[in-house]
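Heads up: the sequence lines are chains A and B, in that order.
For the first sequence, my numbering begins at 1 and goes up steadily by one.
For the second sequence, my numbering begins at 1 and goes up steadily by one.
The set of hints was computed from the structure by calculation and includes no laboratory data.
Glycine included, each C-beta is placed from N, C-alpha and C at the ideal position.
Fair warning: there could be bad hints in the mix.
[Said to hold, decoys possible] Label pairs and their computed distance ranges (CB to CB):
| hint | chain 1 | residue 1 | chain 2 | residue 2 | range |
| --- | --- | --- | --- | --- | --- |
| 1 | A | Trp-170 | B | Ser-516 | 29 to 35 angstroms |
| 2 | A | Glu-40 | B | Pro-528 | 58 to 64 angstroms |
| 3 | A | Trp-170 | B | Thr-340 | 53 to 59 angstroms |
[Said to hold, decoys possible] Partial chain B-side listing against chain A, Cβ under 10 angstroms, derived:
| hint | residue |
| --- | --- |
| 4 | Glu-256 |
| 5 | Trp-582 |
| 6 | Val-584 |
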Amino acid sequence: MNNKLSVTSRILVAFASGALIAAFFLPVWRIDLFAPQYPEGLMMNIWINGLSGDVEIINGLNHYIGMKHISVDMFPEFKFLPYVVGFFMLLGMLVAVTGNRKFLLFYLILTAIGGALAMYDFYQWGYDYGHNLDPSAAIQVPGLSYQPPLFGHKRLLNFDAYSFPDVGGWVVIGAAVLAFGVWFAEWYHQRKKNKK
Amino acid sequence: MKHSFSKSLLAISLLVAGFVWLQGCKPKGTQSAVSGDAAAKAYVAPGKYDEFYNFVSGGFSGQMSVYGLPSGRLFRVIPVFSVDPEKGWGYSEETKPMLNTSHGFVPWDDLHHIALSVTKSEHDGRWAFGNANNTPRIARIDLKTFRTAEIIEIPNSAGNHSSPFITENSEYVVAGTRFSVPIGNKLDVPINTYKENFKGTVSFIGVDKTSGEMNVAFQILTPGINFDLARAGKGKSAGWFFFSCYNSEKANTLLEVNASQKDKDFIMAVNWKKAEEYAKAGKGVKKAVRYAHNKYDDNTHSATSTIMNEVLVLDPKDCPDMIYFMPCPKSPHGCDTDPTGEYIVGSGKLAAVIPVFSFTKIQDAIAKKNYDGEYDGIPVLKYEAVLHGEVSKPGLGPLHTEFDGNGNAYTSFFVSSEIVKWSVKDLKVLDRVPTYYSIGHLSVPGGPTKKPWGKYVIAYNKITKDRYLPTGPELTQSAQLYDISGDKMKLILDFPTIGEPHYAEAIPAEMIMKNSRKIFKLEENKHPYIAMGEGKTKVERKGNEVHVYMTAIRSHITPDNIEGVKLGETVYFHVTNLEQDWDVPHGFAVKGISNAELLIMPGETQTLKWTPEKAGVYPMYCTDFCSALHQEMQGYIRISPAGSNVPLLFSTGTNLPAVTAPAATEKPATK
Numbered sequence: 001m002n003n004k005l006s007v008t009s010r011i012l013v014a015f016a017s018g019a020l021i022a023a024f025f026l027p028v029w030r031i032d033l034f035a036p037q038y039p040e041g042l043m044m045n046i047w048i049n050g051l052s053g054d055v056e057i058i059n060g061l062n063h064y065i066g067m068k069h070i071s072v073d074m075f076p077e078f079k080f081l082p083y084v085v086g087f088f089m090l091l092g093m094l095v096a097v098t099g100n101r102k103f104l105l106f107y108l109i110l111t112a113i114g115g116a117l118a119m120y121d122f123y124q125w126g127y128d129y130g131h132n133l134d135p136s137a138a139i140q141v142p143g144l145s146y147q148p149p150l151f152g153h154k155r156l157l158n159f160d161a162y163s164f165p166d167v168g169g170w171v172v173i174g175a176a177v178l179a180f181g182v183w184f185a186e187w188y189h190q191r192k193k194n195k196k
Numbered sequence: 001m002k003h004s005f006s007k008s009l010l011a012i013s014l015l016v017a018g019f020v021w022l023q024g025c026k027p028k029g030t031q032s033a034v035s036g037d038a039a040a041k042a043y044v045a046p047g048k049y050d051e052f053y054n055f056v057s058g059g060f061s062g063q064m065s066v067y068g069l070p071s072g073r074l075f076r077v078i079p080v081f082s083v084d085p086e087k088g089w090g091y092s093e094e095t096k097p098m099l100n101t102s103h104g105f106v107p108w109d110d111l112h113h114i115a116l117s118v119t120k121s122e123h124d125g126r127w128a129f130g131n132a133n134n135t136p137r138i139a140r141i142d143l144k145t146f147r148t149a150e151i152i153e154i155p156n157s158a159g160n161h162s163s164p165f166i167t168e169n170s171e172y173v174v175a176g177t178r179f180s181v182p183i184g185n186k187l188d189v190p191i192n193t194y195k196e197n198f199k200g201t202v203s204f205i206g207v208d209k210t211s212g213e214m215n216v217a218f219q220i221l222t223p224g225i226n227f228d229l230a231r232a233g234k235g236k237s238a239g240w241f242f243f244s245c246y247n248s249e250k251a252n253t254l255l256e257v258n259a260s261q262k263d264k265d266f267i268m269a270v271n272w273k274k275a276e277e278y279a280k281a282g283k284g285v286k287k288a289v290r291y292a293h294n295k296y297d298d299n300t301h302s303a304t305s306t307i308m309n310e311v312l313v314l315d316p317k318d319c320p321d322m323i324y325f326m327p328c329p330k331s332p333h334g335c336d337t338d339p340t341g342e343y344i345v346g347s348g349k350l351a352a353v354i355p356v357f358s359f360t361k362i363q364d365a366i367a368k369k370n371y372d373g374e375y376d377g378i379p380v381l382k383y384e385a386v387l388h389g390e391v392s393k394p395g396l397g398p399l400h401t402e403f404d405g406n407g408n409a410y411t412s413f414f415v416s417s418e419i420v421k422w423s424v425k426d427l428k429v430l431d432r433v434p435t436y437y438s439i440g441h442l443s444v445p446g447g448p449t450k451k452p453w454g455k456y457v458i459a460y461n462k463i464t465k466d467r468y469l470p471t472g473p474e475l476t477q478s479a480q481l482y483d484i485s486g487d488k489m490k491l492i493l494d495f496p497t498i499g500e501p502h503y504a505e506a507i508p509a510e511m512i513m514k515n516s517r518k519i520f521k522l523e524e525n526k527h528p529y530i531a532m533g534e535g536k537t538k539v540e541r542k543g544n545e546v547h548v549y550m551t552a553i554r555s556h557i558t559p560d561n562i563e564g565v566k567l568g569e570t571v572y573f574h575v576t577n578l579e580q581d582w583d584v585p586h587g588f589a590v591k592g593i594s595n596a597e598l599l600i601m602p603g604e605t606q607t608l609k610w611t612p613e614k615a616g617v618y619p620m621y622c623t624d625f626c627s628a629l630h631q632e633m634q635g636y637i638r639i640s641p642a643g644s645n646v647p648l649l650f651s652t653g654t655n656l657p658a659v660t661a662p663a664a665t666e667k668p669a670t671k
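Please build the complete structure, drawing on both the sequences and the hints.
Laid out in structure tokens, this is it:
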């Protein structure tokens with residue numbers, strides 16, 4: 001059994017891992033908030049190393065319901081995420097250079113775990129922000145929490161909240177899909193060959 | 001007997017029938033003037049934007065108001081030569097200098113005319129200028145903030161009516177004096193020595209290309225006549241300015257009669273490019289004067305007022321070929337140049353015709369020295385030599401003319417209360433519509449520019465009588481919108497106005513709205529008393545002044561408990577709005593303050609001065625409904641008697657403990 005990736009596959013894997021560099025220059029996630037008073041919407045962009053957008057305005061509004069003041073230095077993730085992405089880029093490049101199929105599989109499993117961990121971490125933060133409220137907040141609705149949606153839409157009091165990947169996030173997702181596609185194509189061709 | 005009875009019955013019946021018939025001859029109700037689809041043409045659905053901004057002078061309100069067209073909806077009233085307690089304009093320490101003059105604080109004026117800035121004689125949407133007709137001034141309004149950014153007083157002027165019309169690239173706005181007055185060192189003269197001692201001036205106010213900042217570049221000294229209105233040339237005539245003048249009789253009493261004697265007064269043609277050269281070449285004389293120059297800075301959020309001491313005066317005696325007079329029938333009022341710059345329309349208020357002058361012929365007459373004598377040493381061009389033609393029997397009391405992009409002119413007629421549309425080329429009357437009532441100025445969007453946007457003409461009326469629900473003796477003034485897209489003008493809307501509307505201009509919405517400012521950035525705030533965040537709030541005593549560095553953010557002020565201020569001290573509340581979000585102003589007011597409120601935009605700092613007169617605890621609160629907990633946005637300031645030993649304390653939320661020692665206020669007042 002041939003354990004080497006085709007040249008095309010290796011180029012594609014190199015391209016996919018190279019594309020991850022976008023995560024350093026583009027926001028990976030975005031949360032949009034719309035309310036009657038904010039027809040133009042409020043936006044928060046999440047980068048691998050920080051936040052941007054209308055964070056201060058969102059904080060100003062959140063204080064009414066006792067949500068914590070969001071600031072970049074509260075998230076240790078922003079310190080190590082750039083290294084994680086860098087690591088994945090390096091690892092992907094190694095896969096392309098070595099052309100080892102098992103190595104690619106390992107890389108993909110690691111990617112899946114990484115992605116799942118990221119989403120779990122994001123969920124944890126959302127849960128904490130939505131539930132861990134200041135007991136002296138001005139507006140208190142018994143039984144109500146304000147956890148933002150993990151993905152998609154959710155109604156939070158007068159706000160419609162939307163949570164989706166931002167441009168950088170789509171690039172990362174695209175890169176992962178490409179890498180998985182390569183492995184699937186390789187696996188399919190291999191199976192065909194083996195049948196012959 | 002029976003016969004004569006039926007005869008008289010017949011006679012009575014005929015009489016009654018006659019009365020009924022006569023009744024039918026009375027003018028019909030004005031509603032009949034509106035055609036069927038008018039409502040649809042003026043309708044702008046909720047949430048939709050208007051097509052044009054309409055900047056309308058507020059006359060004796062001293063304000064400028066901003067409407068949308070075609071809906072006639074009012075968006076904003078801008079205090080210009082007026083105080084506005086709603087905005088704290090003229091009440092806050094930062095804005096008071098804007099209304100300073102060489103006569104001190106003048107919080108009122110009579111704003112007549114608007115000039116929107118132009119580049120190549122086309123609207124550029126940067127600034128609006130307005131004139132003060134009483135204490136001569138020109139204001140520049142920044143169309144990013146819709147606020148008065150600058151006011152400059154005009155020296156050697158009295159009644160700045162012939163203003164603030166603008167040259168093709170906004171190089172200058174002009175200021176022609178309505179009243180001639182004694183000028184120079186001898187100001188205290190008998191009024192009836194008018195003819196020897198009184199002089200007129202027209203000033204050219206330079207406008208900086210990028211900042212818009214104004215300066216009195218030079219003045220032209222003129223005979224003692226009265227200047228009424230003016231327009232710059234365009235295209236080929238761009239280097240010239242035309243001023244209508246009345247009272248060439250030089251009357252100083254009962255002008256109604258005495259200034260209406262001559263068959264013709266003048267339009268004064270000024271070669272301003274030449275005047276500019278003379279000024280640069282040192283032909284002018286620097287005269288000692290006093291005038292104020294006030295500027296508002298969007299970074300310090302404060303105005304400054306500087307008194308200037310000198311003005312450059314050009315005397316036509318030393319500057320040949322700079323000004324000429326053109327005879328114009330009967331006290332001309334409007335003096336308007338068409339989009340091509342070739343034609344100048346004079347409107348003699350009492351004339352039976354509208355004369356139209358030709359720029360080419362003016363140049364020709366000057367070259368050939370085709371003069372009709374001189375007036376105070378200034379050449380008078382021959383009327384026939386410079387005339388393109390006259391519009392005959394146009395109406396009664398022509399005042400102002402605007403233009404569309406299709407070679408048509410629209411003239412307002414005060415006496416016959418109508419707008420008349422006529423063709424500039426062949427001077428034929430094409431259409432006329434009544435106005436309700438007594439129209440003064442009129443405006444076509446882009447009408448004074450090289451590129452009129454057309455579509456509508458708006459009438460600004462002096463009298464409304466029965467047009468609206470009555471409101472006692474004082475009635476609203478009004479504007480009326482006419483559709484001019486077809487051959488016939490069609491009335492489509494009436495809308496009431498703020499103050500008395502004189503001139504107005506309209507400009508496509510997209511030229512302005514894209515630049516409209518949303519907030520002031522906190523990090524750009526250079527106010528000397530800013531509190532950059534709640535941690536920076538404090539209360540400081542400086543001699544007998546107490547400075548409160550306060551912040552406002554939804555929904556609290558910091559500090560909101562202040563103690564230790566004593567009678568005899570003056571309190572300055574410097575309130576910084578920490579919001580950086582669109583449309584979240586905060587207001588600030590204190591009980592008993594003999595001033596006004598503050599209305600502070602996001603990122604801005606404004607100051608309210610207060611000298612309390614009685615000891616006690618005074619509430620203060622946010623006046624602009626900012627948030628769900630706006631009602632909770634309040635606090636107290638305690639004022640103690642002079643000599644009390646209450647320490648200066650301030651806090652928000654922490655409720656600083658009161659001093660345990662008995663407060664000074666509890667001691668007997670008599671000692």
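Okay, the hints, checked on the actual structure:
Checked against the hint of 29 to 35 angstroms, the pair Trp-170(A) and Ser-516(B) passes, with Cβ atoms roughly 33 angstroms apart. A hinted range of 58 to 64 angstroms for the beta carbons of Glu-40(A) and Pro-528(B) is inconsistent with their spacing of about 33 angstroms. A beta carbon spacing of about 56 angstroms between Trp-170(A) and Thr-340(B) agrees with the range 53 to 59 angstroms that was offered as a hint. The interface hint given for Glu-256(B) is violated, since its Cβ lies 57 angstroms from the closest Cβ of chain A, which is over the 10 angstroms cut-off.
The beta carbon of Trp-582(B) comes within 8 angstroms of a beta carbon in chain A, closer than 10 angstroms, and the hint placing it at the interface holds. Using the Cβ-Cβ criterion of 10 angstroms, the hint placing Val-584(B) at the interface with chain A is satisfied: the shortest such distance is roughly 9 angstroms.
Of the hints listed earlier, those the structure fails to meet are numbers 2, 4, in rising order.
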